[in-house]
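**Student:** Now for the letters of each chain:
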Amino acid sequence: MRVLAQVAMVMNLDKCIGCHTCSVTCKQTWTSRSGIEYAWFNNVETRPGQGYPRRWQDQDTWRGGWRLNRRGQLTLRAGSRIARLAAIFANPVLPGIKDYYEPWTYDYRTLVNAPLGDDYPVAQPHSLITGKPMKIEWSANWDDDLGGSVEHGDADPLLARTRAQGEQAAQKVRAAFEQTFMFYLPRICEHCLNPSCVASCPSGAIYKREEDGIVLVDQDHCRGWRQCVTGCPYKKIYFNHRTGKAEKCTFCYPRIEVGLPTVCSETCVGRLRYLGVVLYDADAVTAAASVPEDRDLYAAQLGVFLDPADPGVRRAAERDGIAHDWIEAARRSPVHALISRYRVALPLHPEFRTMPMVWYIPPLSPVVEALTETGFDGEDAGNLFGAIDSLRIPVEYLAELFTAGDPAPVRAALDRLAAMRAHMRAVNLGESPPGSPSDAAAAVGMSGTEIEEMYRLLAVAKYDERYVIPTAAVGDARRLEESALPEDCSLDHDGGPGMGGAGPFGEDSGHRRLPLVALETFHALRRRQTRDEEPDR
Amino acid sequence: MTTLLWGALPYLAFALLVSGLVWRHRYDAFGWTTRSSEIHESRLLSVASPVFHYGILFVLAGHLLGLFVPASWTDATGVHERAYHLLSLIGGTIAGVLAIAGIAVLVYRRRTNAPVLLATTRNDKFMYVLLVGEIAMGLYAKLSNSSFSHGYDYRSTIAPWARSLFTLDPKTELMQSAPLTYRIHAVIGMVLIAVVPYTRLVHMFSAPVQYLFRPYIVYRSRGPLTEQPRPRGWEEFTDV
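Those protein sequences? They're chains A and B, same order as listed. So for the first sequence, the working numbering puts the first residue at 1; every next one is plus one. So for the second sequence, the working numbering puts the first residue at 1001; every next one is plus one.
Source of the hints: derived by calculation from the structure; they are not laboratory data. Don't take every hint at face value.
Unchecked claim - Here are the simulated lysine-lysine pairs, DSBU-like style, with alpha carbons at most 30 Å apart: (1) A/135 x A/27; (2) A/15 x A/462; (3) A/98 x A/132; (4) B/1125 x A/98; (5) B/1125 x A/132; (6) A/27 x A/462.
These numbers were taken from a predicted model, which means no experiment stands behind them.
For reference, chain A alone in the conformation it holds in the complex (with noise of 0.2 Å):
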C-alpha cells in the first residue's frame, strides 16, 4: 500500500442554477489571454445537451480515456504508443476549432465611430482567429438551457444509449417540449487518479503532483504534439493556438496551496462546491481501473479511497511522508464525507477508466416540484421513493453520466437525498425530535444522527466545512485571504526604519504601510509559505 492524498471536489448539481458565474469568473483568472480564447477550463453544460467541445463524450469519435485489451490490460483508447508516435504527424483525432467553437468579439468601435446615417450603428462580431466578420453559430454554451434542443436534441450521445436500453426508458426520455427535463453540470479537469492524458504525452509534460494529486502540464516541456487533446475523454486539455502549448485547469494550484478554495469554487453563487483531501493507494489504482466490466468501476473506485480515520491507514500514510495536518484534514474532508461516507456523490463517467476525482451529487430537485405540483406531499417519504422512478431525469439518464449505466447507485445516492428531506421536515415540525431515528432513515439505512449530518453538510455547512484545505487551517486560511492586512511592514528588515513590531511609539506610528491593491502579490504570498517560523504579532 502507497498512501498518496489528493485534493478533490464534489458539486452538488441539486444547487446548481447555471448562472455561468464560475465559468466567467475562471475565465478571467485563467484563459484570458489570446491563443487560447476558446478555452474554458470550467464550462457548465445543460443536459440533456451536446456540451462543449460538441459530443465530447461520445468516445466513438474522440477516442479519449482507456479502454481493456485483449489481454485485459489498460490500454489507450486512442491506441499503443509505436501506433500513436507513427501518427503523430497529423493527429488523426483532434477536434477543431470549430468542434469547440470560433471566438469572437465585436467590433465596438463603430458604436461610437460611425458617421450619421439613418441606419442605428450596429457592433458586428469579429473573429479572433481570422479577425474577419463571422457569423455567430456556436459557442460554449450555445444550447444552454436547451436552447435549439428541437433541431439537434438528438445529438446528445447519452440520449441515444438511454433509449437504446429499452421501451420504458425511451418512453420516459420524451422530446415533447412541456414535458422535458433539464439540469446543469458544471465541468472542471477531473484530476484523475488514473489520467490518460498523463499517459498519452510524448513528452512527459503532463504530470500528476505526488502532494496533491493536481494534474498540471510543465509549459517549458509540452512540444505541442497534442496527444493530450485527444487522449482526455472529458476534454479539459486545450491547445493554446498562440504558443503552441497545452492548457488545462490547474485546480488553481497558487490558491490551493496557500489553503484557498479554487476560483470556481470561491466564487460558485449557489454554494454547490465542496473541497477537501480524500486519501487513496496508489498501487491499488492500476487493478481497479482494469476491472473487466464498465459497470463495476463506481465500486472498484471506491475500493482505492482509504478511511483516514482507520489507525492502520494514517500509520501508513504518516509512513508515505503525508504531513499531518493533510491526515486530519482528510479526517474532516466533506469530499471524503459525500463520496465514501454518506455515498451520495458519484463520478461522472467511471467508464472511462480515468478515476476521475470530481465528483456530483445527482439531482432531486425536480422530483419535489413535480410532485407537488400534481397535488401530492412533495415532501412525503413514501410519496418521494416512490416517484424516483417516474423522475422527470429519468435515473437512466443519470446512470449513463455517473455510473456506466448502472441504476443502483444513483437510485441510492438520489433515495438518501429522498429520505433526507422527509426526516429534515419531521424534525423541523417538531414530529420527532432531532437525532431520533425515522422511517425514513431507516429505509436508507441510516441514523437519525447521520441522516441530520448529511443535511448539515449539504445545506448549512459554511465556508470552512465546504472547504478544507490543509496547507491552512482555518485561522491561517483568513490570514491569506485577500483582505487580509500584510502581516509585517515591508521596512521591517533588520536595522530597516520599520525594526519590526510595533515599537515604542506605537502601532500606527512611523510608515506602517496599509495596503492599496486588494490582491496580495505573488512575492508576498511565497515569503509567508516559505518562511520557516511562524511572525510575533
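Since the structure of chain A is provided, determine the placement of chain B on it from the hints.
**Tutor:** For chain B alone, kept in the frame of chain A given last:
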C-alpha cells in the same frame, strides 16, 4: 573561397546549431514547440503532413547512408556502385518527391487558409523558402547528373569531404570537382542546419523517443517550497 565554403562554413553551421540548441534549451524552452495549426485545418494536414515528414525522414536516412557509409563498406556487403546508384536514384527520388509533394500541399494550405496564414510568422516564411529550395535543389542536382546507367558518384568526392570534417582536417579540394548544383545544394544545406534551432524546425530535436520506455503515469513532486537563488540584477519585489 574554397576554404571559406568547405572549410569554415561547415564548422560555423555546426557551431550555430549547437549554440542555438543550448540557448533555446536554457532560455527559450517555452518557445520550443511544433506550433501546430491542426486545430484550424486538419483535412489537408492529415494527408500532407505525414507524407512530408515520412518523405523527409527517408531523405535524411538516405543522406546518412550516402555521406557517412564509405563505398568500401557497401562494396564489402556485395552492393556495388551500379546497384547502389540505382538504389540511391530511385529511393532518393521517391523520398524527395514525397517530401516536395507534402510540403507543396502544406504551403498551399498555409496560403489559402486564413487562420493558418495568420499564424505564420516571417521566420516561418523564410524557413519555408530555405527548406523548399534545399529539397528542390537536391532533387534537381541528383536528377540532372544521373541516368539509369550512370550517375555522378558523390561517394568519391562529397562523402569523403563530409567525413573529413569530423577529423578536423577538411579536404576542401574534393568539393571543387563536384558539379555546381551539388555544391549549391550543400551550401544551402549548411545554412539550413545553422538556422534549425532559430526556427520552428527545432521541434525535430524533441522527437519523443523516450515515450516508448517510460511508465504511462508521470508523478512529479512539487519540491520543497524554498526561495530560489535570485539571479544577479533581479531586485526584490516589495509589496506596496
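**Student:** Could you run down the list of hints and mark each one as holding or not?
**Tutor:** How the hints compare with the structure:
1. A/135 x A/27: Distance of about 23 Å is within 30 Å: holds.
2. A/15 x A/462: holds, 15 Å
3. A/98 x A/132: Holds, at roughly 16 Å.
4. B/1125 x A/98: holds, 26 Å
5. B/1125 x A/132: Holds, at about 22 Å.
6. A/27 x A/462: Distance of about 26 Å is within 30 Å: holds.
Hint compliance for this structure: every hint is met.
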